[in-house]
Each structure stands twice: as structure tokens, then as C-alpha cells.
Amino acid sequence: MAAPSFSMHTILVQQTERTIGISSTQIKQLIVESDSRVLSLENEITTLESRLATLVKLRDRESATGAALRSLIAPIRTLPVELLAEIFELTICDSDLSKFPYSSRLPLHVRDAFRVSQVCRHWRQIAIGTPRLWTGPITVDFHPTRRRGFEEEEMYADGVKTWLARSAPLPVQITIMGPINRSWLTKSGSRLTDALLSIASRWRSLWIYPAPGGFVERLASCSLDSLEALTLSSVDHAGSHFGLPTMLSFINAPRLRKVTLDTTCGIPMPWVQLTDINLQNDVPPERLKDIFSQCKSVVRACVRTSGWSAFPPARADALVLHHLQFLSVTWAGEDFNDILFLDCISAPPLDELHLCFDPEGAGVEWEEATFTAFQIRSPNITRLKIEGNGFAVPANALVAALRHTPALTHLTIDDCPGTEALPRALCHTGDVEPLVPRLHNLVFGELLVPIFSEDGLASMISSRWWTDAELESRSKPPGVARWRQIQLCAPRFSQSFRDTIENLRQMGLAVELIEYDSR
Numbered sequence: 001m002a003a004p005s006f007s008m009h010t011i012l013v014q015q016t017e018r019t020i021g022i023s024s025t026q027i028k029q030l031i032v033e034s035d036s037r038v039l040s041l042e043n044e045i046t047t048l049e050s051r052l053a054t055l056v057k058l059r060d061r062e063s064a065t066g067a068a069l070r071s072l073i074a075p076i077r078t079l080p081v082e083l084l085a086e087i088f089e090l091t092i093c094d095s096d097l098s099k100f101p102y103s104s105r106l107p108l109h110v111r112d113a114f115r116v117s118q119v120c121r122h123w124r125q126i127a128i129g130t131p132r133l134w135t136g137p138i139t140v141d142f143h144p145t146r147r148r149g150f151e152e153e154e155m156y157a158d159g160v161k162t163w164l165a166r167s168a169p170l171p172v173q174i175t176i177m178g179p180i181n182r183s184w185l186t187k188s189g190s191r192l193t194d195a196l197l198s199i200a201s202r203w204r205s206l207w208i209y210p211a212p213g214g215f216v217e218r219l220a221s222c223s224l225d226s227l228e229a230l231t232l233s234s235v236d237h238a239g240s241h242f243g244l245p246t247m248l249s250f251i252n253a254p255r256l257r258k259v260t261l262d263t264t265c266g267i268p269m270p271w272v273q274l275t276d277i278n279l280q281n282d283v284p285p286e287r288l289k290d291i292f293s294q295c296k297s298v299v300r301a302c303v304r305t306s307g308w309s310a311f312p313p314a315r316a317d318a319l320v321l322h323h324l325q326f327l328s329v330t331w332a333g334e335d336f337n338d339i340l341f342l343d344c345i346s347a348p349p350l351d352e353l354h355l356c357f358d359p360e361g362a363g364v365e366w367e368e369a370t371f372t373a374f375q376i377r378s379p380n381i382t383r384l385k386i387e388g389n390g391f392a393v394p395a396n397a398l399v400a401a402l403r404h405t406p407a408l409t410h411l412t413i414d415d416c417p418g419t420e421a422l423p424r425a426l427c428h429t430g431d432v433e434p435l436v437p438r439l440h441n442l443v444f445g446e447l448l449v450p451i452f453s454e455d456g457l458a459s460m461i462s463s464r465w466w467t468d469a470e471l472e473s474r475s476k477p478p479g480v481a482r483w484r485q486i487q488l489c490a491p492r493f494s495q496s497f498r499d500t501i502e503n504l505r506q507m508g509l510a511v512e513l514i515e516y517d518s519r
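Counting from 1, position 54 in the sequence shown corresponds to residue 54 in UniProt numbering; the numbering is continuous, with no gaps.
If you're looking for bench data, these hints aren't it; they were derived computationally from the structure. Just so it is clear, CB atoms sit at the ideal spot from N, CA and C, and this is done for glycine as well. All clues stand as given, with none of them false.
Capping the alpha-carbon separation at 20 Å, the derived lysine-lysine pairs in PhoX-like fashion look like this:
| id | residue 1 | residue 2 |
| --- | --- | --- |
| 1 | K187 | K161 |
| 2 | K258 | K296 |
| 3 | K289 | K258 |
FRET-style restraints, in silico, Cβ to Cβ:
| id | residue 1 | residue 2 | range |
| --- | --- | --- | --- |
| 4 | T372 | Y516 | 30 to 40 Å |
| 5 | W123 | T467 | 51 to 61 Å |
| 6 | W123 | K296 | 45 to 55 Å |
| 7 | P80 | L48 | 47 to 57 Å |
| 8 | G390 | P268 | 34 to 44 Å |
| 9 | A74 | Y516 | 52 to 62 Å |
Construct the complete structure from the given sequences, taking the supplied hints into account.
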């Protein structure tokens, strides 16, 4: 309420002077007259307010009319429906669920799609009639504790059904979380299951975590015509009645190319057509060799292997993998002959190799002859990563490994004791044939300084670095590639080493020093 435009003190002075010499009865009469005038003014105000309210309504209606007329001639009204749908698609945020597959938060693309469909009737019709707006990855959560009450369960099931219906007839990416304790058999769980199975032919990717056998067997009768990628984590036979090894749904999926799987579940897979495999359990080498013998088209493979269940077989001709470009092997067993698995395979097109030594695989030994022979059969490796987790690779064996990888451009060595001599081997002097002459990206993780000589590191880095001006002034190019990027990780670096690296950085070298807590 606005402050009064008069002074109460002034009014009081005026009325005091006015009533000098008159009786109380006369003053009371003045009060009655004043109250009457107030009532009259209030009635007049009420009349004006009523009229003003009517005028406000008329004004607002005319404003809405003008806005509606403007919208009819707005440029967006002239856009073809197809172009407007394209704009809708561009406004929807991408959600990378591969990074957070178990997140219970509503993904941005789901939120944005529903928002676009609720702006106006015209936009809603376009949004609902544009299936590609509804094909983003969706997580279906069976975990009952994430929602409260029957009504919320029903609303969630309705939302999932709506999303799936609006995406038709396009393929969709599905992540199924929390089907535990037979939660898929509850009333709301059954609705979710039925909704999912009804569009099984449209699944483009399927990720189930965890994957109880009783739930997985519901897929036995599904036709997975669109399925391209499958992840079955923590498969459990409990609750499965007919036996998962008899399940043919996946082996009959014509488009399936990528599989992440615990092979102990026994579910048949169409190995011959797969191009990307990730085997999450410790697979014996003989079983691994059998799988690779069927994977005629595999391009990318990540495996964990344990020791041979018996003595390694006599060497035979290596299995040639004509398309394999990426291989990651984790040695997880405690036997001394794990690495001999590499005797079994040959990968001429192999470009990237990761070797990881599980901390529990204490018995693994580096077989230099085995690894060298594998490198000779796979001569095109440009990227090598070794995650030691405390596993010591003999210095001479590591140097030999690099000597047999002449095309190497990227090298990462992490927590691998025994590599202290590597900087000296990589140092380019010009007097001897250089090691890995194409190397330009280097990562050393968990360096043990001062066991790793900082002077040796600095000399090695400087020996393979030239400024643009220095390169232009040379009569012939150097015998090794110039560094593009270096990353060094250690609990602590000395100030003098930091100063040396900073000087190189000022000269244009992209180098990063990372200190971490080693406690």
C-alpha cells in the first residue's frame, strides 16, 4: 500500500483548531459526517475498481488477440513441419549414458523431448509425430525403492510406455536396471516388462544390470531384428527354468555386432558376425582360443584371461585374425604361463594393444620370446599401453618389445616397476638406430621418483624435441618424430625438473606434470 500523501500531524493540528470552543456533542456530529463521506468515497472507489477490472480484462484480451495475430504471421509459422522437427531435434541435449549407465536422474534428452511437446498444441502434434525425437537412450528402472507409492509406480510405467510408443517404428537404446528379487513380476514391474518385450524387435542396444536368469529367459521368445549391441552384466542362472545355454534369441539376431558378456552364463552368441567383444570374466586360454576361432570378423576385443586349465598345448599355427585392430588383454591368473596365450593368435592389422596385469595375478611372468613372436605376426601396432598395477616388466624385455614395434606413435606405461631404464633407451643421440622413431605421444603414470632419474627423463624429452625454427634450419630431418604430447605422473617432482619442463613448454612442447598422493 502506498504511503499517505498527507501528514497526520497536520490534520490533527487543523482539527484541534477547528474544534476550539465547541462541545463534545458537536464533535461527535462532525465524526458522523466524516464517516459518511468516507463511506461515499469507498462506494465510488468500488465502482471505479469494478470498471477498472473490466477494462483490465478487455486490455488483456486484446493483448492476447494481438499476440495470437502476431504468432499467425511469425516467421516460425511459415516453416515447413519437417524443418521445425529438425529444429526440435537440435534443441534436445545429448545424454551420454555410457558414462553413467546406472544414474537414476532423468536424462537431459528425455526432459527436453517432453518439454518441446508441451509448448503448444501445434508443437505437440509435430513432436509426437516425429519418432526420432524419442529415440534417445532410455533407462528402465525396476528397482522398487527408487519410487514411492503405487501411484508413482504407475506414473513411471505410463511414462516409459509413452516414450516407447512415440519412438515407433524406429530402433531404441534400452538400459534395464534393478531387475532383482523378481521385481519384474510385480504389478508395475509386469507392465514395464510387457512394454519392453512388445518392442523387442526395435531394440538397437540392450544393457541389463544385473541380469538374473529368470528375467533374461523372458527374452527367449523375442525376435531381436534390430539389436546391434548387447551388455549382460552379472548374469545369474537362479530363477531360470529351461537353461540359458538353450536360448537362441541372440544367436538369431541378424544385426548384433557388439557384445559385452560374462561367458559363464553359457548363452549362445553369434560369434562369427561379431565385430566388438568384451569378455568380463576370467576366460581360460583354451576357451578364449575357441571363441576367437569363431570370431572371423572381430575388429575390437577386450578380454580377461586366466592360466591354462592344464599344461599349455604344443605350439600350433597361430590363429590369424584378419580384421582385429584393437586388443586389450588383462592377465588375471596366478599361473606362470598366462602370457603364452599370445602364441595362439596373430593379428596383422592390429593397431592398438593394451596389456593390463591384474594385481591378483601375482604369478604371471613376462615371456619375452612369446611377446616378440606375437609382435612379428602383428607388425602394425601404433599404440601400446601397459598397465602394470605393480607388475615388473624386465627392462631388457620392455626395450625388446619397443624395438619390435617400429610403427609405434603412442606409448603409455602405468605403474610398471622395472622400466626405470626406459628413458635412456628412448634418448635419441643420432649415433645409434633410434628406438620407436615414430613415437610422438608418451604417458608415464606413477613414476617412482627418484628411482626414475629426473635428469634422464629431461634428457630423453629434450633429445626428441625441436622448435619450428630449429627444424627449418636443419639440413635434413631428424631421425625421430618430434614430441606432440607428454604426460608424466609422480608423487612429487623437484623444482629444478619443473623449471626444465617449463622451459620446454615455453618453447612449444605440450607437456603435463601431474602430482598425486601416494599414501
